[in-house]
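Participant: Top to bottom, those sequences are chains A and B. Quick note: the first sequence uses the numbering used here, first residue 265, plus one each step. Quick note: the second sequence uses the numbering used here, first residue 7, plus one each step.
Check each hint, because a few of them may be wrong.
As the list claims (entries may be wrong) - The calculated label-pair distances, taken between Cβ atoms and stated as ranges, are: (1) B:T122 - A:S376: 49 to 59 Å; (2) A:E355 - B:I246: 39 to 49 Å; (3) B:I246 - A:V348: 50 to 60 Å.
As the list claims (entries may be wrong) - With the C-beta cut set under 7 Å, the calculated list includes, among others, these residues of chain B facing chain A: (4) S282; (5) G287; (6) N300; (7) A313; (8) D316; (9) F319.
What the hints assert, rightly or not - In silico DSSO-like pairs for lysine-lysine, Cα to Cα no more than 27 Å straight-line: (10) A:K423 - B:K94; (11) A:K367 - A:K413; (12) B:K94 - A:K425; (13) A:K373 - A:K425; (14) A:K396 - A:K423; (15) A:K367 - A:K414.
Hints were generated in silico from the structure; no laboratory data involved. C-beta: ideal position from N, C-alpha, C; glycine also.
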Amino acid sequence: MNKKNTKYRLHCALSGFVLLCFSSGLVAEQVSKEEFLALQQRVAALESSLRVVKNTQVEAIATEAFASMPMTPKDKSSLIENVVQTIQAREESANYPWMDASKWANISKGMSPGEVVAVLEQPTLNEPSMHKRVDFVYTYQGRRVATAKKVTGIVRFYKGKVIEIEAPDL
Amino acid sequence: MRCKHAAKNKQTNKQTNNIMKMKKELLASLTSAALFGSVANAEIPLTDDLSAYGYIDAYYEDTDRGDNLEGGLAEFELGFSFTPAESKWSAVAELSFRDGRTTEAEDSDGDSDGDTVEVPDDLDFETVTITYAASDALSFTIGNILSYQGFETYDATGLFQYSYQGAANSVVYSAGYAYGASADYATDDYALGLWVGEADDSASVEFLAAYTGIEDLTVKFIYADDPGYETINIWASYDIAAFTFAVEYTSNDWDGTFTAGEERAEDTYMALAYYSFGNAGLTLRYSGGDLENNIEYEKFTVSPSYAFSDNVFGLLELSYEEVEDEDFTTLAAELIYSF
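This is chain A alone, in the form it adopts within the complex (with noise of 0.2 Å):
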């Protein structure tokens, strides 16, 4: 019977430990507001840092991976500045595939609507004229990735034909 109290006693007192412990543990895993709302700022620190890879860091980046290779200084500003317009080049083809001066090139007078979004994909806007020998206005608007120079083509289209183009400066 004593054998019996005194393990029944040690099991109580192994479970009131491990129980303790585990609270503990709890206890040291929770956080305050503050502490929250201090890591929240933290990680949206880290994302707005990501987000600003921009063309200027681009080109750090750039410099120093250069630095080390064996060219001349010309060779390697020249390969540098490639990079960072290839960079600009597959960012703007993604968000503007209409500034393409070689695009533009393809359109002609006579192209039907579908035709022009073929080669210039869909435009900015489109919208009816008041002109009475325009049915309606592709117009494709934009910025352009390396200067930020606003940039605007515009396709006019009358019974379903394209009769007029004005190819943005590019």
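Following the hints, put chain B in place on chain A, whose structure we already have.
Facilitator: Coordinates of chain B only, in the frame set by chain A:
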């Protein structure tokens, strides 16, 4: 009755006539993509699928018929187009706002009788439709749909001049917007359309056949049969160089319930020539015919216009009319901004 604008009540001011105007731009949008190869929707994208469009129409008008110089905002229209790219379903909803004002009342001869009439503010639906495009050519539409009738468009944005071809700036077509369902089939060479609605517990139908198989030529035949009227409307337009020529014939055989006389047929004719000088243009129009009760009229219109941009259009108009033995002249100026 589909004739919600009640062509029987010939109004003389622009504001009330706007209610009666025909609008063909929507027809182009919904059913005749093949006529011109593409849909001419306005578009201010609000989301990927939703866009807004509209226009503001300001005018001044002076008739030497007793009316004073009057003007204001003829209409502010705001439309929304919901066209999901991957869906065969689309929807359009247009709201039309018209400013109320006071105008001079007229007697039965159209002369001012010294009294004034209050034209109330008006907010109305225009096109409110749901469309299912079964294929590139075939579509089905239900809702508040515009009549197929008319070379002259319902909205001022599609007109070559300020006034309508009818006597005292009235519309000669028998139908405007009405609730119903339509089936439309359009190819590059032709288009067919059938609208079915309800009027006075009876069916009201309208049928369209259009031919566009010759470049720059459009010919349309519209037949409407309603408990209140039977209409035949035929028009053709042709572009050659900087000219646009159009001719139109409209015959309305009105039901006798609202006409006092025995003669209820109206036969009207219109011929129009427009010359484009680039941004500027000049419209010459002759119209005439006999109205109900054999009242004959003739109207001659000269209208220089100028497109200040793709969005801004202004015009002047001088119209000379002779209705029975009376003649009068109307001067008008109009400025439209579309977006």
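Participant: Against this structure, judge whether each hint is valid.
Facilitator: The hints, checked one at a time:
Taken as a hint, the range 49 to 59 Å holds for the pair T122 (chain B) and S376 (chain A), whose Cβ atoms sit roughly 53 Å apart. At about 47 Å, the beta-carbon gap between E355 (chain A) and I246 (chain B) stays in the expected band of 39 to 49 Å. For I246 (chain B) and V348 (chain A), the Cβ-Cβ distance of about 54 Å falls inside the hinted range of 50 to 60 Å, so the restraint holds. Annotation: interface hint on S282 (chain B) holds; nearest CB of chain A at approximately 5 Å, less than 7 Å.
Using the Cβ-Cβ criterion of 7 Å, the hint placing G287 (chain B) at the interface with chain A is satisfied: the shortest such distance is roughly 6 Å. About 35 Å separates the beta-carbon of N300 (chain B) from the nearest beta-carbon of chain A, more than 7 Å, and the hint is not met. Evaluation of the A313 (chain B) hint against chain A yields a held restraint, the C-beta minimum of about 4 Å falling below 7 Å. At a threshold of 7 Å, the smallest CB-CB gap from D316 (chain B) to chain A is about 4 Å, leaving the interface hint in force.
For F319 (chain B), the interface hint holds, since its Cβ comes within 7 Å of a Cβ in chain A; the closest pair sits about 3 Å apart. For the proposed pair K423 (chain A) and K94 (chain B), the alpha carbon gap of about 24 Å is at most 27 Å, so the pair holds. Distance hint between K367 (chain A) and K413 (chain A) is fulfilled; the C-alpha atoms sit about 19 Å from each other, no more than 27 Å. For a cut-off of 27 Å, the pair hint linking K94 (chain B) to K425 (chain A) stands: about 25 Å separates their Cα positions.
The hinted pair formed by K373 (chain A) and K425 (chain A) meets the criterion: a straight-line CA distance of about 7 Å does not exceed 27 Å. In summary, the hint linking K396 (chain A) to K423 (chain A) is supported, as the alpha carbons are separated by about 11 Å, within the 27 Å threshold. At most 27 Å may separate the alpha-carbon atoms for a hinted pair to count; K367 (chain A) and K414 (chain A) meet this at roughly 18 Å.
In terms of the numbered hints stated before, the structure departs from hint 6 and from no other.
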